[in-house]
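S.K.: Residues per chain, in single letters:
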Amino acid sequence: MIGYVIRRLFHTVLVVFAISLLIFFSIRLTGDPVSVMLSAGEPSKEAIAQLKANLGLDKPLYVQYFIFLKGLVMFDFGESFRSGGPVIDLIMDKAGATLALAVGGILVSIVIAIPVGILSAVKRGTFVDFFGRVFSLMGISFPNFWLGIMLILIFAVNLKWLPSSGFDGPQNLILPSITLGMILSGILARLVRSSMLEVMNQQYISTAKSKGISDWAVIIKHAFRNALLPTVTFIGLQFGSLLGGAVIVEQIFSWPGIGRLIIDAINQRDYPVVQGGVIFLSIIMVFVNLVVDLSYSLIDPRIKSGGSGHA
Amino acid sequence: MVQKVLEVEKLKVGINDDGRKIAIVNGISFTLEKGETLGIVGESGCGKSMTSLSLMGLLPPGVEWLEGDIQTHDLHFKKFNKQDWRKVRGKRIAMIFQEPMSSLNPVYTIGKQIMEMILSHEHVSKQQARDRALEMLKLVGIPRPEQVLDEYPYQLSGGMRQRVMIAIALSCNPEILIADEPTTALDVTIQAQILELMKKLQEQLHMSIVLITHDLGVVAEMCNRVIVMYAGEIVEEAKVVDLFDETKHPYTKGLLASLPDIADEKEYLSSIPGIVPAPENMPSGCRFAPRCPNVHQRCMEAPPLFDVKGSKVKCWLYEHGDSEVVM
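Residue numbers (my numbering), protein chains in the order written: chain A, 1 to 311; chain B, 1 to 327.
These aren't lab readings, by the way, just hints derived from the structure by calculation.
These numbers come from a predicted model, not from an experiment.
C-beta: ideal position from N, C-alpha, C; glycine also.
Do not take every clue at face value.
As the list claims (entries may be wrong) - Restraint ranges, calculated between C-beta atoms of paired labels, are given here: (1) A:P170 with B:H76: 43 to 49 Å; (2) B:E64 with A:G3: 54 to 60 Å; (3) A:P115 with B:E64: 27 to 33 Å; (4) A:F127 with B:E319: 50 to 56 Å; (5) B:I262 with A:A217: 48 to 54 Å; (6) B:G19 with A:S165: 56 to 62 Å; (7) B:T31 with A:I299: 44 to 50 Å; (8) B:D131 with A:I187: 44 to 50 Å; (9) B:N16 with A:I154: 42 to 48 Å.
Said to hold, decoys possible - Here are some, though not all, of the chain B residues that point toward chain A, as calculated from beta-carbon distances under 7 Å: (10) M56; (11) R89; (12) F97; (13) N105; (14) S120; (15) V124; (16) Q128.
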């Protein structure tokens, strides 16, 4: 187990190194930051050269990369081209909001999707299943910006129950979490339903029924427990993508998250912020995957963490 | 005086397709006596598994109990609700299945799975249930039972898993054990061990066994009486000795003839031509008629079960007692 974790941490270093290469060079394909920063008026050649030197952009590319990598080893992502402040502070400033939103979205989706998925599978072919499937389809097909705007219209503008933007307290979390959670729960409910249907056909479900235990004990203890593995995998992956991919929802609710930070930084060609943000998210993503993989061995005793690698 | 522990009366099980009832098990009746092993034999699709599942109230979705009753002592299954079934399952009638590799839940320990059965039927503490589980593992001959109690199914072989299944089934001391092809999925040597174990436990615990199988060798080894099913009906019922020595129904004869014989150097194994008709396409007369070598005019009409020297046969050849046809 410990050996496995150490191996995985070593993998993490490799992954982060690969991402650093990718992000460092691809962000430089987007254009020249200096031309964006000095877009007002007609900058002189001297001014441009001066700014480049200040930002360290005058050095050869491989030297720049080496400097970036050296900082990375010490968790120093450099300074923002725009604000001049350390990138790590900018990220840490937004990390809490991003994490809170991701956790909120996941929680909402779990609370909705798992009961819907289980009921759909158990009552297969009935109207309960029909509603469950319609719900899933709506979750999958609703664009999240539309759902977000609708929620704002209803609960913030008309009813005035909840704030529509910002991040000042837990009440701010409700609408964006529901927006994210609803969309996710559509897919999750379908996944739970299909995993449950597969498990319910297994022989050990007949064995459980033949013991004379209650229907719900069969469904929850015997069936759902076995359907948990694909569910947990999915939740883990979604959590990762929510960290960086909730940009639209962050925009709608003016959420001060990392997604927005990175988008703004890309628009301004603020290289260090983009690099730092992406690296930070990828570290969290790898870490979440590790936690998911470790949880497998708790869910299913046949999977030993030391065994074949689950990437 | 033999004591009947189970009576099945005109049981009809099938699909109810918008009022159009298609019987899979078509009005079968039989009894099970205390301490005996009753074999139910037949090809795949003859309704033997559906019969056993109706004894447990575990018919698959879409399949319904259409007519008839099953009775054990004073209990009439026909009137059962969910709660009543739960009290019978495991406690009075227990079941083991064909696939030991997949009939245990992979995520729970062996001990937990045995204890679950005990705790759901008896008011005992967890420790008492665990002690009983250990006792059961010893009873079914599991080596190092203390460790196995905390192991998972994947750590055991197929034969060991079937032993665990038997331990679970017998943990509440049921009067009746239904074994649906319990050895089909096992190696031949392991098969013999499991059959031996079932025999030993039957004597020890005085239970009755309904053994569903398509293996006539297993029948000869285990059973007192045999029911031969064809296309959802009982075609022959006999003591096991009579079934082999004085085979009556042409279908049973066909089954026995299709067994390979080591002394006989035939190039081809004999078989019964044709296939079992589908439930929605049953011939109106004798259901075996289209495949029967002795088919004649009378077979256009469905025969009843004739009593012939202590056996029962569903065939017109036995209308006047013993068969007049030399075959």
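S.K.: Tell me the numbers of any earlier hints that the structure contravenes, in ascending order.
M.R.: 1, 15, 16
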